[in-house]
Amino acid sequence: MADDSTAQDTAGTEILERPKFSWTFFFDLFGKKTISINGNLGAIAIFLFRSFFMIFHYKQIPAIVQQIYFIGAKSAQIVMLVGFFTGMVLGLQLYHVLVKFGSVGVLGTAVALSLIREMGPVLTAIMITARAGSAMTAEIGIQRISEQIDALHTMRIDALGYLISPRIAAAIISFPILTAFFDLIGIIGGWISGCVLLGVNSGAYFYRVISATQMEDITGGFVKSLVFGILVVTICCFQGFFTHMRTDSYGARSVSLSTTSAVVISCVMILISDYVVTSFIL
Amino acid sequence: MEKQPIIEFKGVTKRFDVRTILNRVDFEIYEGDVTTLIGLSGTGKSVTLKHIIGLLKPDEGQILYRGKPIDQMSKREWNAYISQVSYMFQNNALFDSMTIFENVALPLRQTTKLGKKEIEDKVLASIDQCELTEVAYKYPSELSGGMQKRAALARALVTDPSIVLFDEPTTGQDPIRKNAILGMVAEYQKRFGFTALLISHEIPDVYFISNRILALYDKKIVFQGTPDEFEEFDHPFREEILTSLESLQEDITGLYSKRHFKVRYQTDLSKRHPDATYAAAVFTLDDIDTIQEKLGHDATQQIIRSLGSYINKHFGAVGGFSSRQTINEYATVLPYSDLEEAKRIMEDFTKDFLEHGIKGLEAVVHGETHEECVEINILAGLAQGKPQIEIESVMEFARFDQKPIARFECQTGGQKK
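The listed protein sequences correspond, in order, to chains X and D.
Take the first sequence: its position 171, counted from the start at 1, is 188 in this note's numbering, and no numbers get skipped.
Take the second sequence: its position 413, counted from the start at 1, is 465 in this note's numbering, and no numbers get skipped.
Quick caveat, the hints were computed from the structure, so don't treat them as lab data.
A hint or two may mislead.
[What the hints assert, rightly or not] For each label pair, taking beta carbons as the anchor points, the in silico distance ranges come out as:
no., chain 1, residue 1, chain 2, residue 2, range
1, X, Y267, D, K109, 16 to 26 Å
2, X, G48, D, D148, 54 to 64 Å
3, D, T164, X, F102, 23 to 33 Å
4, D, M125, X, I63, 15 to 25 Å
5, X, Y267, D, I441, 29 to 39 Å
6, X, D45, D, D148, 43 to 53 Å
7, D, S149, X, Y267, 57 to 67 Å
8, X, A93, D, L92, 39 to 49 Å
Quick caveat: nothing in here was measured; it's all calculated off a predicted structure.
Just so it is clear, CB atoms sit at the ideal spot from N, CA and C, and this is done for glycine as well.
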């Protein structure tokens, strides 16, 4: 049926007219989106809190150990590989900057602080998102569309406690450990490029690493990795868990879109929260 | 005293966006009954079932459990209610990254305080009952569709529920397996006494195991009553559903469906003189419960099918027509034979069956490796009727007349005695 913005020609065909400008247009456009974002944020918060409180149950231990193996142990290799080359690139770049000022002696300080404060937590979180986060979304999404999550409900098994809580617990444990691995291997990578390949004194490098690194830097890095861990797992699990609520697609396609959204949103949120946490720490 | 419903739908309406799926649906499910919900595809049968388990909530109306609305239950009441209900999904919903054992053990591990040994014993017993012992440690993707169904059934029954909801348990199964699954549902229902609500398209087979039929048509329950009452139900739905779901003759044995058997009876006998006589025979596979227990559901169904096929072939050749009446009973009408002639035909049949037909049963039994001996008795009875007499009465006389016509007994491993 034609509404006010349409008219009919003599043949009875509806002709679309340009809608009249309305001052409420701005609110129509952004208001709906804002309400939707607000609703989603609330849903994510409830999702996180309900899942978090169900971690503390003895029956969760085997599932948590299994998830630590999947998120932590199986991601260790790729995290260390990325850490090594990140450290090497840092060593190389910083050497060529510092040599202009004749201060290559502080290479260890620059590499260590860059890695421990910023690059370690951020790159580790991004790598885990790519490797484990996407897999979590896809796995939970498939479980949702194949009614496995509904089956849990019919068996009186809390789906959040059974599927999400062990993953959050595993992320809280694994992210800081993997970040520590990343930092350590990165510092070794910086040493190889700076000292072994470019001739900086090894003693000076490690002396600067130890003397410049304060406990606040390390705890700050760990706080970040904890925040990133909780964010990444919550976003990835949330996307998978509510795959069936997507309105843009159904079935396998909805799982693939949820996986893409999970990775993109996680990466963006890592960077945004990095700024927020850093501003609180400093 | 009037029977109280265990579950009751009162004016339940469900909409998805603007589409109404259920419109003021009312029905009752009684304790200990096997109730079958029938309806055409996409009419909201699964949606109805999902309301009972709380997977969906009605937009209007109420669902009552023993008179109490489930949406007004406290958390404790809800947990007590839901712990008594099991749901078998249409697509099984087995966890594909877990073995069958782990799938069946999951509800016990997560919701009970049973010890490891107790859980293992219970799970293995359930797996054994569903004839899945050999595949207990395989993954669902390594199993056939029928085995996956049975695994889902084992998981649904492992918690000893008092209400079991079966969402199309026979979909995608071959005719023998379909009846084996329905037989399994009926047997477990008898053994454990749970209330069953199942969605099925297997008409008329599902009549054999159901106490009540619910018919969902045009978003409403248009019929609820016994299978016999459904036969008399005068509604466009009945014609529509029976035309689409009930085949004229069974696909393997060539037997008539119960309804078409009656139609053929009326058509053939209405042409006869009122004083003309005809004969009816009733065949029964005796003690089916013991056979099922010893040989399993699949083998039992194969024996029933084999017997039905042989009856139809033999009596069809002399102008008779046959139908399966209950899970283990066949009826045959010889419209142009009197009792004496029918006795001669029956003697020929018995002789022929003992010489050739029994080999079919032997093959089934020999194919199974069971430690216990199984005894198979086939009973037959004859009666004479007239066109104006109801076929049911004649069949009742034939049942009285039943005596063993064939007996097959084996020793360990299916050796014939």
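Check your understanding: Regarding A93(X) and L92(D), is the given constraint of 39 to 49 Å on their beta-carbon distance met?
Key -> 55 Å, violated
Practice item. Mind checking the hinted window 54 to 64 Å against the Cβ distance between G48(X) and D148(D)? Key: At roughly 43 Å between Cβ atoms, D148(D) and G48(X) fall outside 54 to 64 Å, so the hint is violated.
Review point. Do the Cβ positions of S149(D) and Y267(X) conform to the proposed distance bound of 57 to 67 Å?
Key: 23 Å, violated
Check your understanding: Taking the CB of T164(D) and the CB of F102(X), does the distance hold inside 23 to 33 Å?
Key -> 51 Å, violated
Check your understanding: How does the Cβ-Cβ distance of M125(D) and I63(X) compare with 15 to 25 Å: does it lie in that range?
Key -> 22 Å Cβ-Cβ, so the 15 to 25 Å window holds.
Exercise for review: Can you let me know if the beta-carbon spacing of Y267(X) and K109(D) is within 16 to 26 Å?
Suggested key: Taking Cβ atoms as reference, Y267(X) and K109(D) lie about 22 Å apart, which means the hint holds.
Practice item. Using the beta carbons of Y267(X) and I441(D), state whether their distance is inside 29 to 39 Å or not. Key: 58 Å, violated
Review point. Between D45(X) and D148(D), does the C-beta distance stay in 43 to 53 Å?
Key: 44 Å, holds
Hints 2, 3, 5, 7 and 8 from the earlier list are contradicted by this structure; the remaining hints agree with it.
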